[in-house]
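Place chain D on chain R using the hints.
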Amino acid sequence: MTTATALRSRHLLGIDQLDPSEIDLVMQTASAMKEVALRPIKKVPTLRGRTVINLFFEPSTRTRMSFELAEKRLSADTLGMTTSGSSVVKGETLADTARTLEAMSPDMIVMRHGASGAAHQLAKICRGSIVNAGDGMHEHPTQALLDAFTMLERKGRIAGLTVAIVGDIAHSRVFRSNALLLTRMGATVRACGPATLIPPGLDRLGVTLTTSIDEAIDGADVVMMLRVQYERMHGLFLPSVREYFSLFGLTPARLERAATDVIVMHPGPMNRGVEIDSEVADGPWSVILDQVANGVAVRMAVLYLLAGGETDDGVRS
Amino acid sequence: MGRLFRNVHLVDPAAGRNGTFDLLIDGDRVVRIEPNLPAEGAEVVELPSSFIVTPGLIDIHVHLREPGQEHKETIATGTASAVAGGFTAVACMPNTSPINDHASVTEFIVKRAKDAGLARVYPIGAVSVGSKGQALTEIGDLRSAGCVAISDDGRPIETALLMRRALEYASMFDMPVIDHCEDPSLRGDGVAHEGAAAARLGLRGIPGVAESIMVERDISLAELTGGRFHVAHMSARQSLRAVRDGKARGVRVTTEVTPHHFVLSDDVLTERGDYDTNFKMNPPLREEADRLAMIEGIRDGSIDAIATDHAPHHPDEKALEFDHAPFGIVGLETAVPLCFDRLVHAGVIGLSRLIELLTAGPARALSLPGGTLREGGVADLTILAPDAPVTVRASTFRSKSRNTPFDGWTLKGGVAATVVGGRVVYVNPDVLGRTTL
Chain R
1 MTTATALRSR HLLGIDQLDP SEIDLVMQTA SAMKEVALRP IKKVPTLRGR
51 TVINLFFEPS TRTRMSFELA EKRLSADTLG MTTSGSSVVK GETLADTART
101 LEAMSPDMIV MRHGASGAAH QLAKICRGSI VNAGDGMHEH PTQALLDAFT
151 MLERKGRIAG LTVAIVGDIA HSRVFRSNAL LLTRMGATVR ACGPATLIPP
201 GLDRLGVTLT TSIDEAIDGA DVVMMLRVQY ERMHGLFLPS VREYFSLFGL
251 TPARLERAAT DVIVMHPGPM NRGVEIDSEV ADGPWSVILD QVANGVAVRM
301 AVLYLLAGGE TDDGVRS
Chain D
1001 MGRLFRNVHL VDPAAGRNGT FDLLIDGDRV VRIEPNLPAE GAEVVELPSS
1051 FIVTPGLIDI HVHLREPGQE HKETIATGTA SAVAGGFTAV ACMPNTSPIN
1101 DHASVTEFIV KRAKDAGLAR VYPIGAVSVG SKGQALTEIG DLRSAGCVAI
1151 SDDGRPIETA LLMRRALEYA SMFDMPVIDH CEDPSLRGDG VAHEGAAAAR
1201 LGLRGIPGVA ESIMVERDIS LAELTGGRFH VAHMSARQSL RAVRDGKARG
1251 VRVTTEVTPH HFVLSDDVLT ERGDYDTNFK MNPPLREEAD RLAMIEGIRD
1301 GSIDAIATDH APHHPDEKAL EFDHAPFGIV GLETAVPLCF DRLVHAGVIG
1351 LSRLIELLTA GPARALSLPG GTLREGGVAD LTILAPDAPV TVRASTFRSK
1401 SRNTPFDGWT LKGGVAATVV GGRVVYVNPD VLGRTTL
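For the record, the sequence lines run as chains R and D. If you count the first sequence from 1, position 35 lands on 35 in the working numbering, and the numbers rise without skipping. Add 1000 to the 1-based position in the second sequence for the working numbering, that's all there is to it.
Keep in mind that the hints were calculated from the coordinates and are not lab data. Each residue gets a CB set at the ideal place from its N, CA and C atoms; glycine is no exception. One or more hints might be untrue.
[To be verified] Have a look at the derived ranges for each label pair, beta carbon to beta carbon:
| hint | chain 1 | residue 1 | chain 2 | residue 2 | range |
| --- | --- | --- | --- | --- | --- |
| 1 | D | PRO1315 | R | ARG127 | 18 to 26 Å |
| 2 | D | PRO1315 | R | GLN28 | 21 to 29 Å |
| 3 | R | PRO269 | D | PRO1326 | 31 to 39 Å |
| 4 | D | SER1097 | R | ARG99 | 37 to 45 Å |
| 5 | R | ILE125 | D | GLY1068 | 48 to 56 Å |
| 6 | D | GLY1068 | R | LYS43 | 27 to 35 Å |
For reference, chain R alone in the conformation it holds in the complex:
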């Protein structure tokens, strides 16, 4: 595989925009960035003088802080706007918000939004780079990249791994980005969840589908648990927390079916006792806090590479 030296796309809207050599480049760059966190002075001048806007239309703690930290460690000038509710509720359309921000000439906008495709809409209006920090039920590409980075760190490879992703498959942007990225990198991905939370047509993503957690984690090298939203428990999707945990909760006993060196991941925030037993979350298998640490490094890598892409702006995208 030839290694890319830059990203072709000006934006990171979804995993589809990255070819295998670009994914490799992000991974290598993230390794270098991770080293910055070990220094006494955790800052490099890479993005000095660049403006990054963090635009969060949904509540977020870890993703927003992870991006902010990544930006600050790269010496970017950052400012943030967090607002709950969609742009419609706010009274200003997303398109108008985008035009307003565009008038201030930011170099990059990191956006989380409740509507699938919102980042694509922003990219149609803004000249700067758009980083999708989660759009509705669609994608959360930096989460998948940091998950892959963590797997690489622990397993030394992605190709050939069997990864079980368990939980609310239907509504999860983390699942979609991971399914696309990991299959592209040669892993086998098993998606598992209640039948009410697996939409028809999902098999076209190249994943195998099952409603049995035991089947999903059988021999798996990686088990990734997804957060189950509380509101799903009281709709028509699921009868109760109790039944969900008994059918889909990850317990030490269940983990025995997995590979002996299995690692357990969770994008956070966790619902202990709902999708994951505390003994698993805090146990030797867990790499959940590694994911958080790696998130900063991977986001530094993405921001750095996208900024580097500006040199031949206009040719790309």
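Chain D only, in chain R's frame:
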């Protein structure tokens, strides 16, 4: 006196005509239709031999947005769009503001249409007051004011009881009940067809059976009551199966399909991947098996009419996120090219069947006048150029709105001119060339 169309290729399926005729019109009437008529002082019009003359096309499903949403469309711009698309008559849905649930609104629409003086407008009245699904409208009064059918389009008729009563009551006037069939609980907050595209793009899905469940219910109720049920914008293969079964049992059910549902499938959403809201409509673009089923229904006669569901929206509204943008696209000015290109030139159906789907079929479904040309009848006719190359240019639409997924498409088959009541209300110089009318 009058105007003699000499040696024209007349395609009028309801009259059994598909060949060369002379057509004499005088004032607003057709005088004679037969070969080799003497001119006798009439102005003689000769058309290129590749052109065809048909009864005026009829679109039984449009939204003219007036009263109340004139920023999207008015009756004047909507009927200008209609005649530019070759349609001499349209039936307009009642989901205006206020809703056409009262004779006074119907009378307003009729008056505005008369003032515009372009296409004929047949209002469709609401089934329930405010289309709220509670109380029946004064259907007899709506009928007297000019309504040709009743519908709560945009919203399904939610309860079986209301649908039953509507069918029974409307049957006194032999009016069809048009239902936007979509089970509200299965639709939920869906914005795209439930399938691979929605799963990939993270969009909430609406399954095809959300439609067919209600089609099946309504067919059962039409069978029970003897009333006339018309399925609006049918899109799901399961619905087609139900309609076929109903027709085979003798139930009075008719149906229409839109060009976008037989031209596009939800694959286009993933191919583009850009969340373009000009591909958001209700019913949503279904999967390929559904699209192929609609084509088969068109071919085998199960589908009675092609209707556009012309749904103009302002660019600011369509510029919202895919989840929040309104459903619908404009269709009047793209229907004819799409039909010729994708049905006739693609070898699905012949010319005569296509014209039936755009004239006699829709006229029969709603018992409208027209749909065929007869001596002594009104001279509503459309001149079509089946082989003309056409490029869709949304910026040149007569409609006030531009929300089409077909902008820039190059298609074969266009409209040359449109004649309503003997008056030439539209000519397309790009297609007509040096021919004068």
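Here is what the structure says about each hint:
For the pair D/PRO1315 and R/ARG127, the supplied restraint of 18 to 26 Å holds, since their beta-carbon distance comes to about 21 Å. The hinted range of 21 to 29 Å is not satisfied by D/PRO1315 and R/GLN28, whose Cβ atoms lie roughly 44 Å apart. Here the CB-CB span from R/PRO269 to D/PRO1326 is close to 35 Å, well matched to the stated 31 to 39 Å. The hinted window of 37 to 45 Å between D/SER1097 and R/ARG99 is violated, with their beta carbons roughly 29 Å apart.
R/ILE125 and D/GLY1068 have their C-beta atoms about 30 Å apart, which leaves the hinted 48 to 56 Å range violated. Between D/GLY1068 and R/LYS43 the beta carbon distance is about 59 Å. The supplied range of 27 to 35 Å is therefore violated.
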